[in-house]
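If you want the building blocks of each chain, they are given just below.
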Amino acid sequence: MKKTIPLAITFLAGFYMILAFFVPHPIVANSAQEMQSWEIIIVAFTLVLGIGNLIFVHAEKIQRRRQGWFYSLTLLVCLAFMMVLGLFWGIKEGTAYYWLYDNVMAPLSSAMFSLLAFFIASAAYRAFRARNKEATLLLIAAAIIMIGRVPLGSWLWQHVPFLGAKVPALLDQVTQWVMEIPNTAGQRGIKIGAALGAVSMALRMLLGIERSYLTTGGN
Amino acid sequence: MKKCLIVLLAAGLFLPALAMDPPGNLQVRDVPNDDGRSLILTWDKAAAETADPAAFKGYRILRSETAGGPYAEAGYVFPGSLEFTDNTLTPGVQYYYQINAVTFTDSAQTAPLGPVQSSAQWFNTARANILIAFLVFTGLILLYIYKARHGADLFVRRIAGLSAVDEAIGRATEMGRPILYLPSGGLSAVSDIQTLASLVILGRVANKAAEYDTPLLVPCSDPLVMTLAQEIVKSSYMNAGRPDAYRAENIRYLTNEQFAYTAGVDGMMVREKPAANFMIGTFYAESLILAETGYSTGAIQIAGTAMITQLPFFVAACDYTLIGEEIYAASAYLSKEPVLLGTIKAQDWGKAAVIFLILIGAVMQTLALKFPQLGFFAGWLMPR
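So the protein lines, in turn, are chains A and B.
Under my numbering, the residue at position 4 of the first sequence is numbered 65, and the numbers go up by one with no gaps.
Under my numbering, the residue at position 230 of the second sequence is numbered 261, and the numbers go up by one with no gaps.
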């Protein structure tokens, strides 16, 4: 029973959503829309679970004076402070909550995102070392694209003896060819495979063949 | 002289009225394959628009439930367009329409057209191709499940990233350091099929981690994913006969803010120095930040995603990468269960069918340059 009921719910709900994809009639479409609204409501309620877990994990850390407990205390104080601000003074533009989000949270996120530029450089350095045949191909393709897609690249190309001056459009053509033919073909291959894989996975779950997500001890 | 002026004035007053004709050929038809809330109106260009486009303002679409009115404005169309889709209708209700051509000085409207009503369809014929593909694919899956149950030998190629799972867990055990498992990035939800595929792999990883008594850390960006991950890991520990080793606090919620989550996970990588990092699921811009931080800590890294834009980052920064479909094949590959392997085999045949259709489509589209009637195939094949 512990397995059968969740499997039956998964089967019915899943196939009903598939049916709704093919049937535009309001009798089916409206109820499917309603089910999606339920999902949003349920997800909103689960945030309480998340906050509960956060408080539990960090409160325990503070209680046991584990290493870095002071950071946990900072987190809980900030969490409580923001909650009080939001609950009593609102979260609209012009409130303290909004100001703090805009001037503390958003810049911190941007700073984190900006690290990506440095990580791209370090990852590219490792990836482009011509250690084997594949890495060499990657290096050549990347070099062509980088030179072809930056303004400095076209200026450099014009100064390449024999080639750049005689065939100025060649670099652009090669860049475009690499992007549109091998790159697009590779991407589409992955996309088709992934789409079939996703359908196969979904069917395995709907038909009850894949059950490990039900936490009943594997299949 | 006075008489002349009066004649000229009279002519000036009556000329615009004479020039303004309503648009002709007003037609209304039901929108196909919809939920019955829309009608499409088409009409011919008004003479005033052709005569003086600069002075023409557009067309007002007037709607009423009775022929005699009152008519209310249902929409407005700017010059150049001769079609309007009214998608605010109630199915089954009868409507009357008029089109009002408007210039800066005058307007003229058609006679009422009606009664017309929209209707809902029970099948979206534009998606018939998808239904056929779905039924064929489901049939293939059922066929291979049947074959697998009757003892057919099903070969599945080696997937390096999945074969390395045991190696990564073993390494963490030998080094006495934890395993870090990310079931998704900072923006995904449990409804995402990649997250579900990742949770299935988490179950296998947790089983091994429990057997080897290696701590498993699972930071989550979605509370529902956290709850599911806790249950899966707990269940795996119980299956391995080590319920005492399960630590609920190791499967924790961080935040659903993308880069705050990234910062949190990076902090865990740097502080707790896991020896094996698994990053499987939906990832966005955080993928490379996480993978590079993991690389800097010296961990063995296995990543997997179907996000095309993030795959190059994982390939560059991780030891093993599960590319696209491989993350969906993981549970079958790791469990070696014949029924699950059967679905992977069906997937391969599905790919073969897609390759065949692409080849046929390419040939027919090429031939369609000479014989246009062959162009129907690509049109039918393209999903709408």
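Just so you know, these hints were derived from the structure itself, not from any lab.
Here the structure is a predicted model, which means the values were calculated and not measured.
Virtual Cβ for every residue (Gly too), placed ideally from N, Cα, C.
Please note that a few of the clues may not be correct.
List of simulated lysine-lysine pairs, DSSO-like, C-alpha gap at most 27 Å [what the hints assert, rightly or not]:
1. B/Lys367 / B/Lys304
2. A/Lys122 / B/Lys304
3. B/Lys265 / B/Lys367
4. A/Lys252 / B/Lys88
5. A/Lys64 / B/Lys304
6. A/Lys64 / B/Lys382
7. B/Lys367 / A/Lys63
8. A/Lys122 / B/Lys367
9. B/Lys382 / B/Lys367
10. A/Lys252 / B/Lys382
11. B/Lys304 / A/Lys63
12. B/Lys178 / B/Lys382
13. A/Lys64 / B/Lys265
Pulled from the structure, derived: some chain B residues nowhere near chain A, Cβ distances all over 12 Å [unchecked claim]:
14. Ser138
15. Thr293
16. Glu357
Do the hints match the structure? See the list:
A hinted pair counts as satisfied when its Cα atoms are at most 27 Å apart, and B/Lys367 with B/Lys304 does not qualify at roughly 32 Å. As the CA atoms of A/Lys122 and B/Lys304 are separated by approximately 19 Å, the hinted pair is consistent with the 27 Å bound. With a CA separation close to 22 Å, the supplied pair B/Lys265 and B/Lys367 stays within the 27 Å bound. With a C-alpha separation of about 46 Å, the suggested pairing of A/Lys252 with B/Lys88 is violated against the 27 Å cut-off.
Annotation: proposed proximity of A/Lys64 to B/Lys304 is violated, straight-line Cα distance about 38 Å (limit 27 Å). Distance restraint check for A/Lys64 and B/Lys382: the Cα-Cα separation of roughly 32 Å exceeds the 27 Å cut-off, and the hinted pair is therefore not satisfied. With a C-alpha separation of about 25 Å, the suggested pairing of B/Lys367 with A/Lys63 holds against the 27 Å cut-off. The straight-line distance between the Cα atoms of A/Lys122 and B/Lys367 is roughly 41 Å, outside the 27 Å bound, and the hint therefore fails.
Our distance criterion of 27 Å between C-alpha atoms is met by B/Lys382 and B/Lys367, whose separation comes to about 21 Å. Taking the CA atoms of A/Lys252 and B/Lys382, the gap is about 11 Å. The hint holds against a cut of 27 Å. Between B/Lys304 and A/Lys63 the alpha-carbon distance is near 38 Å, which puts this suggested pair outside the 27 Å criterion. At most 27 Å may separate the alpha-carbon atoms for a hinted pair to count; B/Lys178 and B/Lys382 meet this at roughly 19 Å.
The suggested pairing of A/Lys64 with B/Lys265 holds, with an alpha-carbon distance near 17 Å, which does not exceed 27 Å. Residue placement check: B/Ser138 keeps its beta carbon more than 12 Å from all beta carbons of chain A (closest about 36 Å). Annotated as non-interface, B/Thr293 brings its C-beta within 12 Å of a C-beta of chain A; the closest such distance is 6 Å. The beta carbon of B/Glu357 is not kept farther than 12 Å from every beta carbon of chain A, the shortest such distance being approximately 8 Å.
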